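Novice: If you want the building blocks of each chain, they are given just below.
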Amino acid sequence: MTVDIAGAAAGYRPGRTHTVLSEWRRQWRRRRTQGALAFMVVLPLILLVAFEIGEDDDDGGGGGGRGQFSQLVDVATAGGLNFALFTLFVSSSFLLVVVVALFCGDTVASEASWGSLRYLLAIPVPRARLLGVKLVVALGYCALAMLLLVGTALLAGTMRYGWHPLQSGLAADIAPGPGLVRLLSVTGYLGLSLLVVAGLAFLLSTLTDAPLGAVGGAVLLFIVSSILDQITALGGIRNFLPTHYAQAYLGLLTTPVQVDDAIKGAISALVYAAVFWGAAWLRFLRKDVTS
Amino acid sequence: MPRWIVSVSVAAVALAAAVTVAAWPAQAAYTTVDAQIAGASTDDPALLDARLYLPKSGGKHPAVLLAHGFGGTKDSVAQDAKDLADRGYAVLTWTARGFGRSTGHIHLDAPKYEVADASLLLDWLAQRPEVELDASGDPRVGVVGGSYGGGLALLLAGQDKRVDAIVPMITWNDLSTSLFPGGVFKQAWAGVFFTNGINGGAGFGNTLAGASATPALPSDEPAVPPVEPSVGPTPQPSSSGGTVRQRVDPTCGRWSADMCQAYLRIATTGVLDDATRALLDERSPKAYLSRITAPTLLVQGEADTLFPLSEADANARGITDAPVRVAWFTGGHDGGNGPQSDQDRVKYLMLQWLDHYVKKTGADPGTSFTYSRVTGLDAVERGRLATGYSVTAYPGLGGQTTTAVTLTGRARQIANPPHGRPAGLTSLPGVGVSAGLLGNFATDMPGQFARFSTQPLKDGAAIVGSPTVSIKVASATGDATVFVKLYDVAPNGIATLTNGLLAPLRLADLPATLDQAQPISVQLPAIVTQVDAGHRLWVVVATADQAYLGPVQPQTYLVDLGSPTLTLPAVGGEPIVTPDALWIWVLVAVVALLLIAVVTAVAVARVRAKRKDRAVVQEYAETPLHVEGLRKTYGSFVAVDRVDFTVERGQVVGLLGPNGSGKTTSLRALMGLTRATAGDVFIFGHRLAPGAPVLSRIGCLVEGPGFLPHLSGERNLRAYWRATGRPWADAYFDEALAIAGLGDAIHRRVKTYSHGMKQRLAVAQAMLGRPELLVLDEPTDGLDPPQIAEMRRVLQRYAVDGRAVLVSSHLLAEVEQTCTHAVVLHKGRVVASGRVDEIVGDTPTTTFEVSDVDLAQKALDRLPGVSGYAVDGARTLVVDLGDVPRSDAVGALVRAGVGVDRVAPRRRLEDAFLALVGESTAGSGDR
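Chains as they are written, first to last, in my numbering: chain A, 1 to 291; chain B, 292 to 1218.
Simulated from the structure, these hints should not be mistaken for lab results.
Note that the structure is a prediction, hence the values are computed from the model and not measured.
Ideal placement from N, C-alpha and C gives every residue a C-beta, glycine not left out.
There could be a bad hint or two in this list.
Straight line, CA to CA, 30 angstroms or less: simulated DSSO-like cross-link-like pairs of lysine-lysine [as the list claims (entries may be wrong)]: (1) B:K901 with A:K287; (2) B:K351 with B:K651; (3) B:K347 with B:K651; (4) B:K650 with B:K373; (5) B:K1118 with A:K287; (6) A:K264 with B:K638; (7) B:K763 with B:K373; (8) B:K650 with B:K347; (9) B:K373 with B:K351.
Partial selection, computed: residues in chain B whose CB lies under 8 angstroms from chain A [to be verified]: (10) H977; (11) L1002; (12) P1018; (13) A1022.
In isolation and in its complexed conformation, chain A is listed as follows (with noise of 0.2 angstroms):
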C-alpha cells in the first residue's frame, strides 16, 4: 500500500472525507427524513381541504378586525400568496420549530447512539469537519422542507384560489409579483430566526446520545422563551429572549416595509446560534467519544 507524505494511507484526503454529499444521501433514506418532508408537502393539502369543508358554513373574509393578525386568517383564501402565507404564518409557532430542532438535534446524537459515530471519527473525518458537514446538511434539510411547505401551499393555493394581489390586511394590498418576493423574505426571515433553535438542538446534539432528548431539548427551549415573552413585567429583559423577534416578520408585510424588529431579530438569532454552535465546536473537537 502506498502512503503518500503525511502518513496516511493512499488516496485519503482529509477534505474528500464524509463529504456535504456522502452525508446527504445517507440521511435521505432515514425514515424520519422521508417523513418529515412528505408531512411539509401534505400539510398544505390538508390546509386546503379544510378551507373547502369550512367554507360552506363562513361568509368569507373581510369584514373588519378582530385583531389585525387573525386577518392573515380571513384573507387566507383570497389567493396563492395569502394562502402561503398562511400556511407559513400557523407553522412558524411550533411545527417548523419542531422540523428544525428535528433535523438539526438528531444528526450527531443518532449517530452516537447508533455507534456509528466512532467509526466516522477513526477513519478518520476530521472532527471539526464531520461537525461542520452534518451541520450543513442539517441546515439544507431545514431549508429544503421549509421551501417544499412554502412551494407546496403556493402551487395548491394558486390552483385553488388564483393567483391574486397578497392581502396581508395590515395595509395595502401588494401586486403579486413584488408579493411574491415578500413571501420569499418572510420564509427566508423565519428560517433565520429558527437559527435559534437549529443553534441549540445542534448543540445538545454533540452532548448526549439520545437524540430525542437532543430534539426536546431545543423545542423546550423554544417553548419556555415564547412563555416568558408573555410577561411584559419583565420589561427590557424581553429583548433578549430569542424567539422575541419571531413575529418580526409581519413586518416585512406592511407598506412600506418595516425592517426595524426584522433586522433586530436577524442579530439576535445570529449571535445566540453562533454562541451556541461555537459551543458545540468547543465542547466536541476535546470531548473524549465514548459511544
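We have chain A; now place chain B onto it with these hints.
Specialist: Frame of chain A; chain B shown alone:
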C-alpha cells in the same frame, strides 16, 4: 467533577448579575417639595396643591411649569416632571383649581382665575432659591401642557411676559370653533368634558403628549366640598384622604356657576348664544395670540376629533411676534400618545425647544415642520408604527402641492331623522387607540347620505392637509345641517374614515331646488394618510352623526356636487431617520465578525494541522504500532496506568486482560477517540492525535458494531467507504463481503440482523481497504464455533504481506490458537508481553482423565523423565511431561491397567494468565 460545578456556578452568577442590573430601578436624580400655593384671590379663592421637582445637583436651575390636562391632577404629569428634572429643570406641577385636592371651581382657563393662578405660580417660583432668574421676580421659565394645560400655556404667554417659551400640545385656538365646528354642536365631546368636571375626577390621564383612551372614570381622589361663592375665608382642603364624597351638586359639580349655566344652555339648544360665545372667547388663545412673544412649539394630534389640526394651524398663523414651530403626530385625544417613535419625536422636540429657549444651551431648533403617518403594525409589540417626515417650512393646511381628482355621482335626496337618531357612528370621544376601531366602523344609515365617488386612483395619493370639495344643498325649510366625510375605499369594499374626522356644516338661506343652489366650498378636516393604488375616494354627505347635535325636526335635503373636483393637498416630506436605522449597521457588523471568526478558525486549524503531521519518528517508521507509556485517567479514576507494547508487521498480537483492565480504553486511545493523559502512540512512526491522517491505515472494530439500522449491510459498507473519500477500487469490496459471509442477508436491513451477523459485518467493515493494521476488540463475540474457527483462519491469513493484527479477547483458547504474540494487561498495567510461547512457558503439560487416579500416579512415577504431576479432581491428573512424548505416557498408563478416557493438552495460557492476574473473580476494574 468540580470543574463543571465551577463553570455552571460562574455562569449562573453572571446571569443573575445581568438580570439584576437590567431590572434594578434607576436612582432618582431629583427631590420633591410639596406646597400649598394660594391661587388668585378673587371671588373664588383657591388653594392649589403643588409639587416642585428639583434636580439633585445644586445651584440654580431653569424652571418649567408643567400643566396637566382636563380631569387630571399634578400626579398625572409626574412621570414627565421626573424626566424633565433629570434633564436639569426645576419642574413645578400643580393641580388646577377645581380638580383633585385643589380647592375652588373650574373656570376652564379663564384669565382671571386659572391663568392668574399660573402667574402667581410664577411669582412663587421666582422666590425659590433653586430657580434661575432673568430679573428680580422674573424666573427663567417655560410652560408645557397638553389639552387643558396647553390652552393655559398659550393664555399665560399672552398675559404674562415673564414666560420664556411655551410648548402647548393638542390644544385649542378657539373654543367656539372647537365646540361648534361649522356651527354644529359637538355634543359627545362636550358632554364628556362636562361630566368630567362634575367631580373633578381623573378622566383624561395626562401625559404630555395627549389624552389617554379611557373616558371619564369616577375619581378616586378625595372630593372637596364645593365652596359657595359668597364665603369669606380661604377654605382649607380636607385633611386626610379617603374617598368619601361630600356634598357635590350633581348638576354643576365643581364647575363654576357661569360655565355650568353656559353649558346647560348650549347643550339644550345646540346653538351658540352670544353670552356663551363671550365666555368661550375669553378663554380662547385666539384673541391673545398677537401678544405672545414667547417662542412656541405647537404639537397637535392627527387622531383628534376634539381639537383637530386646524386649531394648531390657527394658533400658528396667529402668533406673529415669536418663533413658531409646528409638529403633528399620530396620537391625540382619540389616538393616545401614539407609537413609540412618535412619543420619542415629540419628547425630543420639546426638550430641544426648552433647552434652547429656556436653558439657553443647545442649537437653534429652527422652525421646520414634522408630521408622521401610521405605516403599519409593530409585529413584536403589537402596536402601531409610524414614520415621521420633515419639511423645512410649515405649509399650512393646504399642503405644498395639490392634486385634483374627479368625483362623479348624481344628486340625491337625503333625510334627517327626528332627533338625529339613528345616525352614523364615526367616532367615540377618546376611544380609538386600537387601530381597528377608529376609522373602520364608520357607518352610514341608508337614506341619510349621498355618496360621490372617484375612479380608482391608479397610483394612489398622499394626503397631508385639508382636502377641499364643493357641494350644493337645497332644503325646503331653507336651512340644513350636513356632515361631509372623506372615505378611503379599498378594492374589497372596506371604507375607512381617517381618524373619524368629518366636517359638519350648518347652512342657512338655502333655496328649495338644486338649480338655484350656489356651490359651497367645504374644507374637510386635515388628515395625514396614504391612499393606496387602486383605492378610490368617496365624498359622503350625511344628515346625522352621533357625535353631534343635529336638528330635532325631520327634514329632507337635496345634495349634489358643486364642482366635480376634489382637491387633495400633499407635502413632500423627507422621512425622518430613526435611531432604529442604526441597527442595520450592527447587523452588517455582526455578520462580518462571524465570517471573519469562521475563516480565521479554519485557517488556524489548517496551519496547526500542517505543522503537526510532519514529524515522523524514523525508528518506528516501519512499526505498525508502538505504544509508549500510555496513561489515561478519568478524573481520579485511573483506567490505564502505564502501557507499553509494540506490534510489528506480520504479527497477530493478542491483548488480554480481565474486565476493566484497560483494554478497551487503550484501544479507544489508539483509535483517536480519546486523548491520552500521558504517553505516546506511534503508528508507522507518526505520533497519534485525534483525527491524524495516519489513522486511515488502521481498520478497527471497537466495542461492537455500529451500523445504520435502516440501511442494508451492503449499503452500510458502501456508505462507510463513501465517507472515507477514497477510490472504490481500493476497497476490495468483494473480499470484505466474502469475509462477512452473510450471503443474501447482505441485502436485508441491518435492523434485522442477529448479533453474530452484525459482528461479522463489522469485521468485514474493518477490513475494507485492506488496512495495514487491523485492531479488533472481541471479534468472535457472538459467533458460533465454526465461525470462530473461520475467523481464526481469516486473521492468520491477514497478517501477511506486511500487515499486522491486534486482537483483544477474553477467550484464552482462541488467543492461544490465533495469536503469535500476546500482551497481558492487569489493573491498567502490562504484566506480560511477548510471544505466546514465552508467556506460556516451555514445558508442555497434559491433562489425563483416568479411571483410577492412584494407579495412574504409580505408573507415572515409574516413567522416567516426567517432571511432575498434580491431581486435579477425582479423575483428572495434570502431568508435566518434560521430554517424554505423550504417546509413551499413554502407553505406560494403559500397560499399568489404567483406563484412559481423555488426553488433552493443558490450557496453558489459562494457567499463565491466572498466575499473572490472580484467581480473584472480581473484575480488575473494581478498584
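Novice: Hint by hint, note whether the structure agrees.
Specialist: Status of each hint after checking the structure:
A threshold of 30 angstroms between alpha carbons decides the hint, and for K901 (chain B) with K287 (chain A) the separation of about 22 angstroms falls inside it, so the pair holds. For the proposed pair K351 (chain B) and K651 (chain B), the alpha carbon gap of about 13 angstroms is at most 30 angstroms, so the pair holds. With a CA separation close to 20 angstroms, the supplied pair K347 (chain B) and K651 (chain B) stays within the 30 angstroms bound. Taking the CA atoms of K650 (chain B) and K373 (chain B), the gap is near 17 angstroms; set against the 30 angstroms cutoff, the hint holds.
Of the pairs offered as hints, the one joining K1118 (chain B) and K287 (chain A) holds, with about 24 angstroms between alpha carbons and a cut-off of 30 angstroms not exceeded. Pair hint K264 (chain A) plus K638 (chain B) holds up; C-alpha atoms about 24 angstroms apart against a cutoff of 30 angstroms. Proximity of K763 (chain B) to K373 (chain B) is assessed by CA-CA distance (about 54 angstroms); at most 30 angstroms being required, the pair is judged violated. Distance check on the hinted pair: K650 (chain B) and K347 (chain B) sit about 17 angstroms apart at the alpha-carbon level, within 30 angstroms; holds.
Under the criterion of a C-alpha separation no larger than 30 angstroms, the hint pairing K373 (chain B) with K351 (chain B) is consistent with the structure, at around 17 angstroms. For H977 (chain B), the interface hint holds, since its Cβ comes within 8 angstroms of a Cβ in chain A; the closest pair sits about 4 angstroms apart. For L1002 (chain B), the interface hint holds, since its Cβ comes within 8 angstroms of a Cβ in chain A; the closest pair sits about 6 angstroms apart. For P1018 (chain B), the interface hint holds, the least distance from its beta-carbon to any beta-carbon of chain A being 5 angstroms, beneath 8 angstroms.
Among the interface hints, the one on A1022 (chain B) is violated; its C-beta lies about 10 angstroms from the nearest C-beta in chain A, farther than the 8 angstroms criterion.
Figure legend: structure checked against the earlier numbered hints; hints not met, in rising order: 7, 13.
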